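So the sequence lines, in the order shown, correspond to chains A and B.
Mapping of the first sequence onto full-length UniProt numbering: position 224 corresponds to residue 224, and the numbering continues sequentially without gaps.
Mapping of the second sequence onto full-length UniProt numbering: position 24 corresponds to residue 24, and the numbering continues sequentially without gaps.
Careful, some of the hints might be misleading.
Which copy is meant is left open, because identical chains are indistinguishable; a pair holds if it fits in one copy or across any two.
[Stated by the list, open to error] Simulated crosslink set (DSS-like; lysine-lysine; CA at most 27 Å straight-line):
| # | residue 1 | residue 2 |
| --- | --- | --- |
| 1 | Lys192 | Lys414 |
| 2 | Lys67 | Lys389 |
| 3 | Lys180 | Lys341 |
| 4 | Lys192 | Lys205 |
| 5 | Lys67 | Lys414 |
| 6 | Lys171 | Lys192 |
| 7 | Lys171 | Lys341 |
| 8 | Lys29 | Lys192 |
| 9 | Lys341 | Lys386 |
| 10 | Lys67 | Lys192 |
| 11 | Lys29 | Lys389 |
| 12 | Lys386 | Lys205 |
| 13 | Lys192 | Lys389 |
In short, the hints are calculated from the structure, not lab data.
If you're wondering where the values come from, they're calculated on a predicted model, not measured in any experiment.
Number of protein chains: 2
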Amino acid sequence: MADSEYREMWEKLDLDLPAHDALLEVLGKFYGDIYMSQQGRLQGMEYLDFVLSEVHGLRIKELQDAKAEGRKIVGTFCVFVPEEITLAADAVHVGLCSGADAGTELAEQLVPRNTCALIKSFIGFKLARLCPFTESCDLIVGETTCDGKKKAYEAFADHAPMYVMEVPQQKRACDRELWKSEVLRYKEAVEKLTGTTITAERLRKAITIVNDRRRALQRLNALRSANPAPISGRDALLINQVSFYDDPLRFTQSINALCDQIEERIAAREGVAPADTPRLLLSGCPMAVPNWKLPYVIESAGAVIVGEESCIGTRNIRDLVDESGETVEDMLDALVDRYLKIDCACFTPNDERMDNVAAMAREYNADGVVQYSLMFCQPYGHEAIKLGKRLDAEQIPSLAIETDYSMEDVEQLKTRVEAFTEMLVR
Amino acid sequence: MADSEYREMWEKLDLDLPAHDALLEVLGKFYGDIYMSQQGRLQGMEYLDFVLSEVHGLRIKELQDAKAEGRKIVGTFCVFVPEEITLAADAVHVGLCSGADAGTELAEQLVPRNTCALIKSFIGFKLARLCPFTESCDLIVGETTCDGKKKAYEAFADHAPMYVMEVPQQKRACDRELWKSEVLRYKEAVEKLTGTTITAERLRKAITIVNDRRRALQRLNALRSANPAPISGRDALLINQVSFYDDPLRFTQSINALCDQIEERIAAREGVAPADTPRLLLSGCPMAVPNWKLPYVIESAGAVIVGEESCIGTRNIRDLVDESGETVEDMLDALVDRYLKIDCACFTPNDERMDNVAAMAREYNADGVVQYSLMFCQPYGHEAIKLGKRLDAEQIPSLAIETDYSMEDVEQLKTRVEAFTEMLVR
Numbered sequence: 001m002a003d004s005e006y007r008e009m010w011e012k013l014d015l016d017l018p019a020h021d022a023l024l025e026v027l028g029k030f031y032g033d034i035y036m037s038q039q040g041r042l043q044g045m046e047y048l049d050f051v052l053s054e055v056h057g058l059r060i061k062e063l064q065d066a067k068a069e070g071r072k073i074v075g076t077f078c079v080f081v082p083e084e085i086t087l088a089a090d091a092v093h094v095g096l097c098s099g100a101d102a103g104t105e106l107a108e109q110l111v112p113r114n115t116c117a118l119i120k121s122f123i124g125f126k127l128a129r130l131c132p133f134t135e136s137c138d139l140i141v142g143e144t145t146c147d148g149k150k151k152a153y154e155a156f157a158d159h160a161p162m163y164v165m166e167v168p169q170q171k172r173a174c175d176r177e178l179w180k181s182e183v184l185r186y187k188e189a190v191e192k193l194t195g196t197t198i199t200a201e202r203l204r205k206a207i208t209i210v211n212d213r214r215r216a217l218q219r220l221n222a223l224r225s226a227n228p229a230p231i232s233g234r235d236a237l238l239i240n241q242v243s244f245y246d247d248p249l250r251f252t253q254s255i256n257a258l259c260d261q262i263e264e265r266i267a268a269r270e271g272v273a274p275a276d277t278p279r280l281l282l283s284g285c286p287m288a289v290p291n292w293k294l295p296y297v298i299e300s301a302g303a304v305i306v307g308e309e310s311c312i313g314t315r316n317i318r319d320l321v322d323e324s325g326e327t328v329e330d331m332l333d334a335l336v337d338r339y340l341k342i343d344c345a346c347f348t349p350n351d352e353r354m355d356n357v358a359a360m361a362r363e364y365n366a367d368g369v370v371q372y373s374l375m376f377c378q379p380y381g382h383e384a385i386k387l388g389k390r391l392d393a394e395q396i397p398s399l400a401i402e403t404d405y406s407m408e409d410v411e412q413l414k415t416r417v418e419a420f421t422e423m424l425v426r
Numbered sequence: 001m002a003d004s005e006y007r008e009m010w011e012k013l014d015l016d017l018p019a020h021d022a023l024l025e026v027l028g029k030f031y032g033d034i035y036m037s038q039q040g041r042l043q044g045m046e047y048l049d050f051v052l053s054e055v056h057g058l059r060i061k062e063l064q065d066a067k068a069e070g071r072k073i074v075g076t077f078c079v080f081v082p083e084e085i086t087l088a089a090d091a092v093h094v095g096l097c098s099g100a101d102a103g104t105e106l107a108e109q110l111v112p113r114n115t116c117a118l119i120k121s122f123i124g125f126k127l128a129r130l131c132p133f134t135e136s137c138d139l140i141v142g143e144t145t146c147d148g149k150k151k152a153y154e155a156f157a158d159h160a161p162m163y164v165m166e167v168p169q170q171k172r173a174c175d176r177e178l179w180k181s182e183v184l185r186y187k188e189a190v191e192k193l194t195g196t197t198i199t200a201e202r203l204r205k206a207i208t209i210v211n212d213r214r215r216a217l218q219r220l221n222a223l224r225s226a227n228p229a230p231i232s233g234r235d236a237l238l239i240n241q242v243s244f245y246d247d248p249l250r251f252t253q254s255i256n257a258l259c260d261q262i263e264e265r266i267a268a269r270e271g272v273a274p275a276d277t278p279r280l281l282l283s284g285c286p287m288a289v290p291n292w293k294l295p296y297v298i299e300s301a302g303a304v305i306v307g308e309e310s311c312i313g314t315r316n317i318r319d320l321v322d323e324s325g326e327t328v329e330d331m332l333d334a335l336v337d338r339y340l341k342i343d344c345a346c347f348t349p350n351d352e353r354m355d356n357v358a359a360m361a362r363e364y365n366a367d368g369v370v371q372y373s374l375m376f377c378q379p380y381g382h383e384a385i386k387l388g389k390r391l392d393a394e395q396i397p398s399l400a401i402e403t404d405y406s407m408e409d410v411e412q413l414k415t416r417v418e419a420f421t422e423m424l425v426r
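Based on the provided sequences and hints, a complete structural model is requested.
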């Protein structure tokens, strides 16, 4: 599709075209520096490069085509929104822009200055008219996972078609009841939006689609326990990021093809870094596109990332939905149970996350853990202290990083990560 | 009681005596500067001066005496913990120290630097062994009202006997169910702690005690609509603060006696400031003892505070528990309903708070509203922006202040408040 057709589409979506051009230019350069400069990439990453190069182009065109066919677009910022229900009503489920500083001054008129970069970003993208995903949405589904998002959605609702799901804060029977009623309420909302009744057949198919994507990503992650590391952390993060935007069937097929290549590479004892490269697990806050700063810093400091313990990582794929349900009711119960297993820092206590991180570090043969918190993210900021103590107790070295989307601290981060990595030399 | 007996008591509570001495000295001087310097105070404030001067002395002695009689002490940081249930089990219900910088360096080892002063304070008071209330507690009841407290309680639980109540984030039927199950769980926990079964008679009596205190404070607030203002905002804040520490029966009696005096003063058209003094409503985060900085700044800048819209203010007293219930079940339902009316910023949406603040400003004949947010308090930080817009729309002037417990910004705050007050001259 020609660039002029995209421009026409973006204009129809009421994007700020000059600012959007500038954004795409910066994004392209950033991607080139961080991704295209890598040595020994897997051939299958070409698919991801293509998807990312077309993330505001071809993918948005697909959304517009879906809308022209009468399908609805549902946007989200969180792994708690049950994608299976969206898909079962034949709507499209996409993640929204929240990974770069954009429209920050405008955002700070709606939310406090002391708000994390991710929240300021999604509000800024909307107010500055820079996110074609947000502008394509018929419904945007938020959740009450943190104070920052919970309260930001109230302000955001004046600018976008918001719907908010309440996520409980503990995991007892009464919390499951609350969460179940929220899942049922979401089902009704999506049915109303789309005019499509969610049948057992539709829901079963949707559960299989999303589980298949999770299985492909689980397969990818399992292969990363190999030494030398067969894929860079940057590429694996990109794959996880793209999983929120791309058509799920196409994506799953591509990732399985990539995994076939990785298996060949492992059989040949090849990798993206020598076998003695320090292996790090990245753990903490989500990294939305194009938030590649810390992975780039880490992998430029002589280490390789072997896992992402985050919502844009294992938190989104670890648990499958039980597929044995026969009725809609059975399947909804299975969804309720699966989503309540998520080890988000919004829960108190959230000890299973401590267990999961320690287990991942061992499983992926990591030499250490880099904890990543967005500045002003209270849930993961608190857990960073708790997790640091737990990792100390298990004699797993860890480094806690707090940062935002600016580039001002890159040199300082490099220095800290290099010092940490040197300590780990295998 | 002689100072030496208090020292013995503090020693038994394992307080850090030299640091505690220093704290009491600073507190005494601070109180003298801010409170004893006031002109035309009500004679009934002597009771409050006495209670405050004995807050770590006589009141702690009373708690120790209660413990010696086999009664239990329950400490809290939030107006969501149903005091009626604590009292019905014959336990003592007290607020805990959280209004001054204390043990900050120690606290920052347990919680992130970007945590509000109130949370750092309660952790610091505990770790530095400076709060005789905390040290007297058999149970400390937290709640999930904000990310900061929710996660801080996890760390705090390693140092104190913590119990956490989950507060829902919306107010629909499923939220009421969750909250009801939490109220029932709290009842069971208190019964287990005390060995006392909560009967209808006990619960009815407790409801009356707490309602009577609310009624006395409602009476006080209603009298503050008079012009000239019959009582300073500092004194009214102190009364609200002391309501969390003092014996409820004694307190209620004293406040009603004070209200009698206020009525005489109003009849004589007398007040603490001339009738043309700008009248301000204070709104936002709670101000725990000895957090008197902003009220002092405001009332030193030629204004008078006529109401406190905060948890240590109207949020704790606006709603009574329905007293018509006959059975324990009825009364528990009445408690559930009453507590779910609280217009805390933890709810989304929380539009009733916007309505309540605007209504209070009119009711108390306020010329403007000073919004107070603790730095890094996300819920009230977000609502400050929303409330500012609402007050603008109602043509009620407002000023948003974000601060902490340090004294470094006092001059800057004075300048801002003076500029705001001059704009309002009646």
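A quick look at each hint next to the structure:
Taking the shortest alpha-carbon separations for Lys192 and Lys414, neither the intra-copy value of 50 Å nor the inter-copy value of 54 Å comes in at or below 27 Å. Taking CA atoms no more than 27 Å apart as the test, Lys67 paired with Lys389 passes in neither setting, with 49 Å inside one copy and 36 Å between copies. Taking CA atoms no more than 27 Å apart as the test, Lys180 paired with Lys341 passes in both settings, with 13 Å inside one copy and 24 Å between copies. For the homomeric pair Lys192 and Lys205, the shortest alpha-carbon distance inside one copy (20 Å) is at most 27 Å, but the shortest distance between copies (49 Å) is not.
In the homo-oligomer, the alpha carbons of Lys67 and Lys414 never lie at most 27 Å apart, since the shortest distance is 45 Å inside one protomer and 56 Å across protomers. Within a single copy, Lys171 and Lys192 get their C-alpha atoms only as close as 29 Å, which misses the 27 Å cut-off; across copies the closest is 22 Å, which meets it. Taking the shortest Cα distances, Lys171 and Lys341 sit within 27 Å of each other both inside one copy (9 Å) and across copies (24 Å). Proximity of Lys29 to Lys192 under the C-alpha cut-off of 27 Å is found in neither arrangement, the shortest distances being 42 Å within a copy and 64 Å between copies.
Taking CA atoms no more than 27 Å apart as the test, Lys341 paired with Lys386 passes inside one copy only; the shortest distance there is 20 Å, against 34 Å between copies. For the homomeric pair Lys67 and Lys192, the shortest alpha-carbon distance inside one copy (16 Å) is at most 27 Å, but the shortest distance between copies (59 Å) is not. With identical chains, the CA atoms of Lys29 and Lys389 are never at most 27 Å apart, being 39 Å at best within one copy and 40 Å at best between copies. Taking CA atoms no more than 27 Å apart as the test, Lys386 paired with Lys205 passes in neither setting, with 40 Å inside one copy and 43 Å between copies.
Neither within a single protomer nor between protomers do Lys192 and Lys389 lie at most 27 Å apart by alpha-carbon distance, with minima of 47 Å and 33 Å respectively.
In terms of the numbered hints stated before, the structure departs from hints 1, 2, 5, 8, 11, 12 and 13, listed from lowest to highest.
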